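Undergrad: Chain by chain, the residues:
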Amino acid sequence: MGVIKKFSGNPCRNDGIGLSLKALTAAALILPGLFHPAAQAAEDDEVDFQYSHYQEGKRDILESETTRKNNANPIEVESIHGGAKISLTDRIKFAFNYTQDTWGGATPIDSGPFVAGANGAIKTIGIEEIDSIGAASPLISHRVFFDKNLTPYKQILKDGQFIHVPDKRIVHTLAIASPETRKQGDFKLGYEWDNAAIDIGGGISLEDDYESRFGNLNGRLDFNEKQTTVNLGLSYTNSDIDAILDHDIGSYGNESNFNQYIQVIDEETNTKKIIGNRQDWGANLGLTQVLNKSASLNAGMSYTRSTGMLENPYKRVEYFFIDPDQTPNSEGLLQGGSNAYIEQRPHERNQWNWNLGYSQYVQPLDAALHVNYQFFHDDWGINAHTFEGDWVQPLGAGWTVTPRIRYYSQEAADFYQPYFFSFNKRPSQRDEFDPALLQQNYSSDQRLSGFGTLSGGVTVAKQFAKGLSLEAGFEYYTHQGGLKIGGGGEQDFADFDYWTANAALKINLAALGRGASGSDGGNFHNHHTSHANAPAGVMVAHTLDKAGDIMLGYRYMWNNQDGNMLHQDSAVSLANLQNKGCFSGQGHFNTCLAAPKSMAMHMHMLDLMVAPTDWLTLMLMSQFVNMDMSLRGTPAFTGGGNLAHHIANGHETGGIGDTGMYGLFKLWDNPSHKVNLGLGFSAPTGDVDIQLRRAHHQDGGFVHYNMQLGSGTWDFKPSLTYTGKADKFSWGAQVSGTKRMESRNKSGFALGDMFQGTAWGGYDLTNWLSASVRGVYTWQGRTKGEYPRNKIDFVPTPETEACPNESFIIDDGNGNISFDQAGFNQCIVEIRNANKEGLKSAIYTDDAAYRSNPADLASNSGGQYVDLGLGLNVNIPDGAFAGNRLAFEWLQPVYTRQTGYQLDRDGALSFTWSYGF
Amino acid sequence: MSLNELTIKILLTTTVIWLIACTPVQPWERGNFAKPQMALDPYPLQSALRAHNYGSREAAAGGNAAQGGGCGCY
Chain W
763 MGVIKKFSGN PCRNDGIGLS LKALTAAALI LPGLFHPAAQ AAEDDEVDFQ YSHYQEGKRD
823 ILESETTRKN NANPIEVESI HGGAKISLTD RIKFAFNYTQ DTWGGATPID SGPFVAGANG
883 AIKTIGIEEI DSIGAASPLI SHRVFFDKNL TPYKQILKDG QFIHVPDKRI VHTLAIASPE
943 TRKQGDFKLG YEWDNAAIDI GGGISLEDDY ESRFGNLNGR LDFNEKQTTV NLGLSYTNSD
1003 IDAILDHDIG SYGNESNFNQ YIQVIDEETN TKKIIGNRQD WGANLGLTQV LNKSASLNAG
1063 MSYTRSTGML ENPYKRVEYF FIDPDQTPNS EGLLQGGSNA YIEQRPHERN QWNWNLGYSQ
1123 YVQPLDAALH VNYQFFHDDW GINAHTFEGD WVQPLGAGWT VTPRIRYYSQ EAADFYQPYF
1183 FSFNKRPSQR DEFDPALLQQ NYSSDQRLSG FGTLSGGVTV AKQFAKGLSL EAGFEYYTHQ
1243 GGLKIGGGGE QDFADFDYWT ANAALKINLA ALGRGASGSD GGNFHNHHTS HANAPAGVMV
1303 AHTLDKAGDI MLGYRYMWNN QDGNMLHQDS AVSLANLQNK GCFSGQGHFN TCLAAPKSMA
1363 MHMHMLDLMV APTDWLTLML MSQFVNMDMS LRGTPAFTGG GNLAHHIANG HETGGIGDTG
1423 MYGLFKLWDN PSHKVNLGLG FSAPTGDVDI QLRRAHHQDG GFVHYNMQLG SGTWDFKPSL
1483 TYTGKADKFS WGAQVSGTKR MESRNKSGFA LGDMFQGTAW GGYDLTNWLS ASVRGVYTWQ
1543 GRTKGEYPRN KIDFVPTPET EACPNESFII DDGNGNISFD QAGFNQCIVE IRNANKEGLK
1603 SAIYTDDAAY RSNPADLASN SGGQYVDLGL GLNVNIPDGA FAGNRLAFEW LQPVYTRQTG
1663 YQLDRDGALS FTWSYGF
Chain A
8 MSLNELTIKI LLTTTVIWLI ACTPVQPWER GNFAKPQMAL DPYPLQSALR AHNYGSREAA
68 AGGNAAQGGG CGCY
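Sequence order for the protein chains is W and A. Letter by letter, the first sequence follows residues 763 to 1679 of the numbering used here. Letter by letter, the second sequence follows residues 8 to 81 of the numbering used here.
Same shape as in the complex, but just chain W:
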């Protein structure tokens, strides 16, 4: 740690401290966090992994009063993080992180009066009352009555007369997002002096519609005998927005206020993109002060300046136009017609933050209290306060429990309203945008409204011997307009809550090293260099040496498919494919309109091996997977509709995969030859019911079979492995298989069984580097069963579908909109009579049939494959990273024979890192 060196650099106090005292105080000078906030890498070298899950609660769209149910799952996010902090030398520190989030679900895109019928939610004619008009739009209808105070009114039928009564309620309009994945990589490189440190960092965050690059520079200066630390940081972020406009909303909204940023990327399908850029500059200054033996204070301030496109390109605003020349109705009410515009924010934002924190060590309980207050101010009119506190309580035996609480309150931005008014004649949807009709900036994003939040949670941490620690955390968060300081927050329509849970594994490399030189002595590294030289792509190839051994491993596999569509082992043109590739049996013969263009699968696996006895090794393997597919149209695809949306966007999925549990038995074990038998099971922890979002009023249906996150079935996974070693040569062979133990999963299908045979040879190039060559044969069976097919429910004809409101809207083309109430009422009466007589409509849920992409058909799955693998293995025999093992392997397809019509294969990369204790 070089801590004594650091200390001796202090000119004021060094003279009074003897060498023995230095040694005594060395432990006390390891001050994690406190004196190293600039360079996070400054603590012990560490590798960490974290998984987290975010689940939002359902939004209240007043479902009980509407005909359309809010069945969509709210926003759900699955994240993983992996990182390492490494000391390159005593003074040079390096840290890197990788983070990946996959999110999807229902989220608000705008808000408006409930009586305007957002979410297509209408109550059709009733005996007692009729709500005002809804439309099939995901947004809201064109006409609402308002009084002079702009209170919305709903229409009810009373004593045979239509009258209007006030209804101030507001609802969100929800839109559903198909799963999307964000990936972020960042690094930090730091240099430390005795009383100062500097570090430089940077990174990139990638999403389909948003790409962000950032850099930062931080400095730290300790003085006053390290009782005072000053930090200074500068940062810059440059982000590109590249958002495809939602087809569903496009046809109802008005995007002309964003024309300068919109590019039409496909004339035929009228697919449009918003292209923009934003930049953020930040500076922060912090001070940490030791107050006494048990307390410290930290204070900081920061300034951030943001410029460019600061809008969220998916958020809309409902603008009600009230024509001042109209004649009020008999009740004195005025009609307002709405247009939905993309929100408009200022293109500049200056933000200031001040924070003050205090940490107190509580001697009797050996605990620590941390409290923090933060004040935020910006030139959009938002002031916000944050109060946080936590109590870190060690419980002994390495356990620590930390409860925490947080309260946050913010004022609304100057230009926030749940919906807006313009006292002008309503321009038609086709009209060009006239800025004079609207205010300069407008947003209904609830994040800019006035509200408060309260959250609380607990973290439980356990420190194991040998530098391993586990953390698990849970937090519940509630957002409520009523929690705002001083009142006046947004109405309760915007309230929501979420919970998050996370688990992290941290490996302190320095502690591992210390453990090695202590109890295990010299034989520490030997047990997994002798026989663990199998190529990276071979799983469960080796066992642990002796009872009590533990090994932790991380494995990454990337599998890419690209190129031609194949039928068996020959390429097939898209023209041929469209006629033959989408045969779904049982009399359905569909034309393929789309086909996969590329498909990538990424698997992150964390495995823990323990040996309870010398002859048995147990292994637990958890997986996080994510996949993405890009699509192309066949010649039969003529553009437009639901499919255009999918082809333009591609598909992504991600989250927890299946979990493997293995027992590995040593059958033969001598220095030259080893044989092990693996008996394993895979538990169906990965989702198999992921669906695509609705687009153009069609359900997207289940995503392609091979893009679900798991098999959905319990699987049996046996293997038999032989490895040999003589001098610098090593070799091995393995046969392995997967047998599905259920005939179908909850979504109606079971992936095919699998058999694999492989053999390899390796050579030690040096004492730490070896190379391998491998041949692999794989047989993959066809998927059995399929997604639900032609499920028909006979139900009374829904009034909303039989009498859609838009069929009764009369638009004279001059912006005058009226509603044919008599015709609408007549239609409803007829449908009611028909329903009373028992006439029913068939509702089809046809997921398996009528699919127009070969990847959606179970018959197009499985095949036989031959691959050639080239690998490199690195075993670090000594030094600071002794005991670490890294392996890489590239698998190059040599022969591919696909069952049915499938995409060609491009290759696969495996990377493993493992560490034995």
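Simulated from the structure, these hints should not be mistaken for lab results. Among the clues, some could well be false.
[Unchecked claim] Examples of chain W residues toward chain A, derived with CB under 7 Å: (1) 1056; (2) 1154; (3) 1158; (4) 1263; (5) 1266.
Everything numeric in this text was worked out from a predicted model, so none of it was measured. Even glycine gets a Cβ: it sits at the ideal position worked out from N, Cα and C.
With chain W fixed as given, assemble chain A onto it according to the hints.
TA: Just chain A now, kept in the frame of chain W:
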């Protein structure tokens, strides 16, 4: 009170607290600070995650704009 005034006041207050509170604490008296529970941020991994959640749900971004975090467009 303008922003500049507020900044100056906060800086002054902080400096005063710092000067008053500055009873010298000798290095061998700082054992409490070496305890993991007294780290300014005992759980930096979780803190980053929570900051990302708050940042995509609240207007006050916390002054760490250049740590990445993506669009948060939900």
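Undergrad: Would you mind marking each hint as holding or not holding in the structure?
TA: Results for each hint:
no. : hint : result
1   : 1056 : holds (5 Å)
2   : 1154 : holds (4 Å)
3   : 1158 : violated (13 Å)
4   : 1263 : violated (11 Å)
5   : 1266 : holds (5 Å)
Violation of the numbered hints given earlier is confined to hints 3, 4; the remaining hints are satisfied by the structure.
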